[in-house]
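Novice: Whole structure, please, built from the sequences with the hints as guidance.
Residue 496 in our numbering sits at position 14 of the sequence shown, with consecutive numbering throughout.
No lab work stands behind these hints, which were simulated from the structure alone.
Any given hint could turn out to be false.
Within a straight-line C-alpha distance of at most 35 angstroms, the following computed DSBU-like cross-link-like pairs (lysine-lysine) qualify [unchecked claim]:
1) Lys-766 with Lys-569
2) Lys-654 with Lys-679
3) Lys-679 with Lys-724
4) Lys-534 with Lys-569
5) Lys-718 with Lys-679
6) Lys-585 with Lys-647
7) Lys-555 with Lys-724
8) Lys-497 with Lys-585
9) Lys-647 with Lys-634
10) Lys-654 with Lys-724
11) Lys-585 with Lys-716
12) Lys-766 with Lys-555
13) Lys-780 with Lys-703
14) Lys-569 with Lys-679
15) Lys-703 with Lys-690
16) Lys-585 with Lys-724
17) Lys-647 with Lys-690
18) Lys-766 with Lys-637
19) Lys-703 with Lys-716
20) Lys-626 with Lys-724
21) Lys-634 with Lys-724
22) Lys-724 with Lys-766
23) Lys-780 with Lys-766
24) Lys-679 with Lys-626
25) Lys-626 with Lys-497
26) Lys-634 with Lys-585
27) Lys-703 with Lys-555
28) Lys-497 with Lys-780
29) Lys-497 with Lys-690
30) Lys-716 with Lys-497
31) Lys-690 with Lys-654
32) Lys-534 with Lys-555
33) Lys-647 with Lys-679
Derived CB-CB ranges, DEER-like [stated by the list, open to error]:
34) Gln-651 with Pro-502: 25 to 33 angstroms
35) Leu-501 with Gly-635: 23 to 31 angstroms
36) Thr-507 with Pro-603: 44 to 52 angstroms
37) Ile-606 with Lys-718: 46 to 54 angstroms
38) Gly-532 with Arg-608: 35 to 43 angstroms
39) His-511 with Val-588: 30 to 38 angstroms
40) Gly-610 with Tyr-513: 42 to 50 angstroms
Model, not experiment: these values are computed from the prediction.
Glycine included, every Cβ here is placed at the ideal spot set by N, Cα and C.
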Amino acid sequence: MLIVFGAINQEYIFKTNALPEAAETLLAHDYDVYSGGKGANQALAAARMGTKTALISCVGNDGAGVRMMNHLKRDGVMVTGVAESEKHLTGTASIITSSTGQKHTVVALGANVDAHQDQIPDEILRTGNVVLMQMELSLAENEKLINRAHEKGVKVILNLAPAMKISDQALKKLDYLIVNQIEARQMAATLGLDVEKTPETLARALSKAGELNCIVTMGDKGSTAATVSGQIYKVKAMQLEKVVDTTGAGDAYCGTFAACIHNGETLHSAMKYASIAGTLACRKYGSQDAFAYLGDIKEHLSFIEE
Numbered sequence: 483m484l485i486v487f488g489a490i491n492q493e494y495i496f497k498t499n500a501l502p503e504a505a506e507t508l509l510a511h512d513y514d515v516y517s518g519g520k521g522a523n524q525a526l527a528a529a530r531m532g533t534k535t536a537l538i539s540c541v542g543n544d545g546a547g548v549r550m551m552n553h554l555k556r557d558g559v560m561v562t563g564v565a566e567s568e569k570h571l572t573g574t575a576s577i578i579t580s581s582t583g584q585k586h587t588v589v590a591l592g593a594n595v596d597a598h599q600d601q602i603p604d605e606i607l608r609t610g611n612v613v614l615m616q617m618e619l620s621l622a623e624n625e626k627l628i629n630r631a632h633e634k635g636v637k638v639i640l641n642l643a644p645a646m647k648i649s650d651q652a653l654k655k656l657d658y659l660i661v662n663q664i665e666a667r668q669m670a671a672t673l674g675l676d677v678e679k680t681p682e683t684l685a686r687a688l689s690k691a692g693e694l695n696c697i698v699t700m701g702d703k704g705s706t707a708a709t710v711s712g713q714i715y716k717v718k719a720m721q722l723e724k725v726v727d728t729t730g731a732g733d734a735y736c737g738t739f740a741a742c743i744h745n746g747e748t749l750h751s752a753m754k755y756a757s758i759a760g761t762l763a764c765r766k767y768g769s770q771d772a773f774a775y776l777g778d779i780k781e782h783l784s785f786i787e788e
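Specialist: Right under this line is the structure:
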C-alpha cells in the first residue's frame, strides 16, 4: 500500500491573458472549481497507476469536503483515514493562470492544520508499504511520521514542496527526496551548500548531505537524480504542442514516481513514468482532472528521447 499524508484543497482557477503585477487588478475571462491539494493530487495520480493508495488528511464539515472525498473514491483512493475538522473549513487554493500556462498560487490550509500523523494506524506501517508526504501539512507531524515509518522499515518519499527546512535527523531517515530546481536551491542554502550549481550537482550535493536518493525536476527540461551510491540518472521530458496549465505537473510526477517505487520499478524507470505523467498533466486545466491513467502513460513512454 502507498500511504499518502498530505493536504486536500478545493482549487479556484482563474484564467487570464497575463499574470497580474503588484497592486494590479485583472479581469479573468473564465474560472473553474476543481479538487486539489498536494496530498490528494499525488494520491489520485498514484491510484491511476493502479496502485493501492490510502490518503491521510483532514477536511471541513462542508460541501467541498464531501465533493472531494467522492471524487477521490471514484478513482479508488481509500479515504477512511481522512478526518473531519470541527473548527475549520476545507482548505482552499486560488490559482491564476496565464495564456502561456504560467501561474500564481495562494493557499489557505483550513482543515489541513488539523491533520495528524497518528491517524495512520501502526498496522499499516510495515515493510513493503511506502509513505509519501509533502510540506503543506505540519512540519512537526511530518517529522513524527518520518521517524515512525523509518523505525518500521517503511520507505519514505518526501516532496519538499513548499520548500522549508527539516531537521538533519529527519532528512537522513528519508529514502527519496523530490524537489524542483527552486526548492533544491532553497534546501541547499539551509544546509550551507553552494546554491549556484547545476541540477545534477545540486542532486549530488543533497543526496550526499541526506544520505538519500535525490530527484530534481526541471519542468520541460526533464529531471535528474543522484543515488545514495553516487549514480546519476537523467530523463528528458516529452514535449507538448500546447501547454494549457502546469498546475498539477509536479504532483502528477511525485504521485506516479511513488507508485512506481511501491510497485518495484527501478529509480530510473520510475523517473520515466513520472516524467510522462507530469507532461500529460499539462494538457488540461486543473490538477486531478488532467492526470493520466497507466495505459495512457505507457503509450507515451516511447516519446522520451534517450
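Novice: For every hint, state whether the structure bears it out.
Specialist: Going through the hints against the structure:
1. Among the hinted pairs, Lys-766 with Lys-569 is consistent with the structure: their alpha-carbon atoms are about 34 angstroms apart, no more than 35 angstroms.
2. Restraint check for Lys-654 and Lys-679: the C-alpha separation of about 22 angstroms stays at or below 35 angstroms, so the hint holds.
3. Taking the CA atoms of Lys-679 and Lys-724, the gap is near 30 angstroms; set against the 35 angstroms cutoff, the hint holds.
4. Pair hint Lys-534 plus Lys-569 holds up; C-alpha atoms about 31 angstroms apart against a cutoff of 35 angstroms.
5. Under the criterion of a C-alpha separation no larger than 35 angstroms, the hint pairing Lys-718 with Lys-679 is consistent with the structure, at around 19 angstroms.
6. As the CA atoms of Lys-585 and Lys-647 are separated by approximately 24 angstroms, the hinted pair is consistent with the 35 angstroms bound.
7. Under the criterion of a C-alpha separation no larger than 35 angstroms, the hint pairing Lys-555 with Lys-724 is consistent with the structure, at around 31 angstroms.
8. Annotation: proposed proximity of Lys-497 to Lys-585 holds, straight-line Cα distance about 9 angstroms (limit 35 angstroms).
9. As the CA atoms of Lys-647 and Lys-634 are separated by approximately 24 angstroms, the hinted pair is consistent with the 35 angstroms bound.
10. The suggested pairing of Lys-654 with Lys-724 is violated, with an alpha-carbon distance near 40 angstroms, which exceeds 35 angstroms.
11. A distance of roughly 26 angstroms separates the Cα atoms of Lys-585 and Lys-716; the hinted pair therefore holds under the 35 angstroms criterion.
12. For the given pair, Lys-766 sits about 21 angstroms from Lys-555 by alpha-carbon distance, which is consistent with the 35 angstroms threshold.
13. Taking the CA atoms of Lys-780 and Lys-703, the gap is near 20 angstroms; set against the 35 angstroms cutoff, the hint holds.
14. Distance hint between Lys-569 and Lys-679 is unfulfilled; the C-alpha atoms sit about 44 angstroms from each other, more than 35 angstroms.
15. A C-alpha spacing of about 23 angstroms is found between Lys-703 and Lys-690, which places the hinted pair at or below 35 angstroms, so the restraint holds.
16. Only pairs whose Cα atoms come within 35 angstroms are accepted, and Lys-585 paired with Lys-724 is accepted, the gap being roughly 16 angstroms.
17. A hinted pair counts as satisfied when its Cα atoms are at most 35 angstroms apart, and Lys-647 with Lys-690 qualifies at roughly 17 angstroms.
18. The hinted pair formed by Lys-766 and Lys-637 meets the criterion: a straight-line CA distance of about 32 angstroms does not exceed 35 angstroms.
19. For the hint pairing Lys-703 with Lys-716, the CA-to-CA distance comes to about 10 angstroms; that is within 35 angstroms, so the pair holds.
20. As the CA atoms of Lys-626 and Lys-724 are separated by approximately 42 angstroms, the hinted pair breaks the 35 angstroms bound.
21. For a cut-off of 35 angstroms, the pair hint linking Lys-634 to Lys-724 is broken: about 45 angstroms separates their Cα positions.
22. A C-alpha spacing of about 10 angstroms is found between Lys-724 and Lys-766, which places the hinted pair at or below 35 angstroms, so the restraint holds.
23. Between the alpha carbons of Lys-780 and Lys-766 the distance comes to roughly 19 angstroms, so the proposed pair stays at or under 35 angstroms and holds.
24. A threshold of 35 angstroms between alpha carbons decides the hint, and for Lys-679 with Lys-626 the separation of about 31 angstroms falls inside it, so the pair holds.
25. The hinted pair formed by Lys-626 and Lys-497 fails the criterion: a straight-line CA distance of about 39 angstroms is larger than 35 angstroms.
26. Proposed proximity of Lys-634 and Lys-585 is contradicted: the alpha carbons are some 39 angstroms apart, above 35 angstroms.
27. Distance check on the hinted pair: Lys-703 and Lys-555 sit about 33 angstroms apart at the alpha-carbon level, within 35 angstroms; holds.
28. For the given pair, Lys-497 sits about 31 angstroms from Lys-780 by alpha-carbon distance, which is consistent with the 35 angstroms threshold.
29. For the given pair, Lys-497 sits about 42 angstroms from Lys-690 by alpha-carbon distance, which is inconsistent with the 35 angstroms threshold.
30. The suggested pairing of Lys-716 with Lys-497 holds, with an alpha-carbon distance near 34 angstroms, which does not exceed 35 angstroms.
31. This hinted pair checks out: Lys-690 and Lys-654 have alpha carbons roughly 10 angstroms apart, not beyond 35 angstroms.
32. For the suggested pair Lys-534 and Lys-555, the alpha carbons sit about 12 angstroms apart, so the restraint of at most 35 angstroms is met.
33. Distance restraint check for Lys-647 and Lys-679: the Cα-Cα separation of roughly 19 angstroms lies within the 35 angstroms cut-off, and the hinted pair is therefore satisfied.
34. In this structure the supplied range 25 to 33 angstroms is violated for Gln-651 paired with Pro-502, their Cβ-Cβ distance being about 41 angstroms.
35. In this structure the supplied range 23 to 31 angstroms is violated for Leu-501 paired with Gly-635, their Cβ-Cβ distance being about 45 angstroms.
36. Taking the beta carbon of each, Thr-507 and Pro-603 are about 49 angstroms apart, inside 44 to 52 angstroms as hinted.
37. The hinted window of 46 to 54 angstroms between Ile-606 and Lys-718 is violated, with their beta carbons roughly 36 angstroms apart.
38. As the Cβ distance of Gly-532 to Arg-608 is approximately 21 angstroms, the hint placing it in 35 to 43 angstroms is violated.
39. Against the hinted window of 30 to 38 angstroms, the Cβ-Cβ separation of His-511 and Val-588 comes to about 20 angstroms, which falls outside the hint.
40. Remark: the range hint 42 to 50 angstroms for Gly-610 to Tyr-513 is upheld by a beta-carbon distance near 43 angstroms.
Checked against the numbered hints given earlier, the structure breaks hints 10, 14, 20, 21, 25, 26, 29, 34, 35, 37, 38 and 39 and satisfies all the rest.
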